[in-house]
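Heads up: the protein sequence lines correspond to chains F and G, in order.
Numbering-wise (the numbering used here), the first sequence opens with residue 1 and increments by one.
Numbering-wise (the numbering used here), the second sequence opens with residue 1001 and increments by one.
Simulated from the structure, these hints should not be mistaken for laboratory data.
Note that beta-carbon positions come from the ideal geometry of N, C-alpha and C, so glycine has one too.
One side of the interface only, derived from the structure: several residues of chain G facing chain F at Cβ under 8 Å:
hint : residue
1    : D1054
2    : S1056
3    : G1073
4    : A1074
5    : I1078
6    : T1079
7    : N1082
8    : E1106
9    : L1107
10   : A1110
11   : S1144
12   : L1146
13   : L1150
14   : H1151
15   : L1154
Residue strings, one per chain:
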Amino acid sequence: MKLCIASSAGGHLTEVLQLRKVYEKFPHFYILVKRDDSSWLAKKRKVYYVDDVRRNSKAFLKNFFSSLEILKKELPDILISTGAGGALPAILAAKALGIKIIFIESLARVSSISLTGKFVYPFVDLFLVQWPQLAKEKAKFWGAVV
Amino acid sequence: MIFVSVGTHPQQFNRLLIEIDKLISDGKLKEKVVAQSGVSDYKPKNFECKSFFDFSDLEKNIKKSSFIITHAGAGTIITAMNARKKIIVVPRLKKFSEHTNDHQLELARALEAEGKIIAVYDIEKLGNAILAARKFEPKSAKESLLAKKLHAYLKSVKVKK
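Extracted from the complex, chain G is given alone in its bound form (with noise of 0.2 Å):
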């Protein structure tokens, strides 16, 4: 199964779903698709959606997932990455109206230089990236030096009795 998420942004991404739809009709993907639409108006032929999964319900279909293909939201990639997941990444786009700004355009292009996910920018090529997360390996970060560091921080800050 293959986990599709565009995450809670009150914007549509309509053009992540047409295009997943049609890699479905042209027998281009095979695997069974399970999508988060969010506020998408699209409705696929091929295969089932819903809006909104509350947090367990997203944790359990990204651990059940082979791989997931995302929206760049740090939060859908923060879980997916947790759960060791391959992660295809396609950002929102401002000239779309897909989201206020570019800034996911700068995430995924930065996650994808430390090679801890697959971008894709022109959503034509999302076949090739779906074939390409076969075999990618992706570098998953060692433990979290900020955790450890605001641990150590809270610890020393003195409390007004």
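If we strip away everything but chain F, and leave its shape as in the complex, we get (with noise of 0.2 Å):
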């Protein structure tokens, strides 16, 4: 079982990273937009950097060839995610080639889910939110990163 984690630089990661006990026990890498506070992960795991997206089309199908290219290469068999929308290319190459999607909302959304978590909601595998008033149908509430 081999695991893809994407994540935008900043909180979204400082998120995914509280999980890291549960998922370092399995051979994974990641896929992370490129930004000053996301480059030192590189010197100590195995990190992939992607552009960021930024609400512009042309940066988006860039990050998205580029995470196909990853994600072809490397044949993860879960993606996990926190978003935010840097990570969608990525999110979406996965579905594209069929691996399963976790997505995590994050722990800042307290009462409504956010963009990327609306888009990417009818497609993931397994949608989970971090507060329980959020959660309805396929989002499950399984507690908090913290």
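Make the complex out of the two chains shown on their own, each in a separate frame, by following the hints.
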């Protein structure tokens, strides 16, 4: 079982790193948006960097094709993501390749789902929220990262 | 030492830095302050700040601090909670162009309701919050249930050979 962890930089990365004791039990690698505060992880783990998307379609396509190449090469069984939009191309590339997807909505989303969350909700295999009031139908509350 | 963090979000949060500078000038805040100022352009007179810290320096500064004052960013809050620090949260507000929406306000209210942090909605109340922090005993979460359940799920997934 191989895992791919896909995340933007900043708080989204901090959140997914809270789960490292779980996913580090399996062979894994990261697809991260390249930024000053995400570059340190490459010194410790296998990381592929992609460019940020910033709601820009050219950048989105570039990120998507980079992610597709990475996923085709690595062939993970599951992709885990906390978003945000910068990780969306990797999520879509995983879907295109038939890779299972776990999406974890941010702790910061207390009363409503994020834009990325709304977009991926229909097609991910597991959709987790961190506040019980958001649990509904497919969206499951399994607790918070902290 | 008090560690102040405005996070990596690409909008300013001068309101927090200005108030801290004022509290120090007025003699209401006597401890040393170290701040992460992100893209804020306010230049404080009474404390040092740096735009960004790499993650391990951020953790080190949080560990060294007596408590932290932070924007309501989930990432910073989580890092401070892991270090078992008292946290004063000042949510970034859309009306001051500090964020694109008011989800930080929701997060601050929700965590305050759980007794995990002290929240400051009106910046002039920051001084009082700092006094309250000395006596504040934050409620902390037990072991992450999400981690347990996620682990169980990952173990149960059948892998294509």
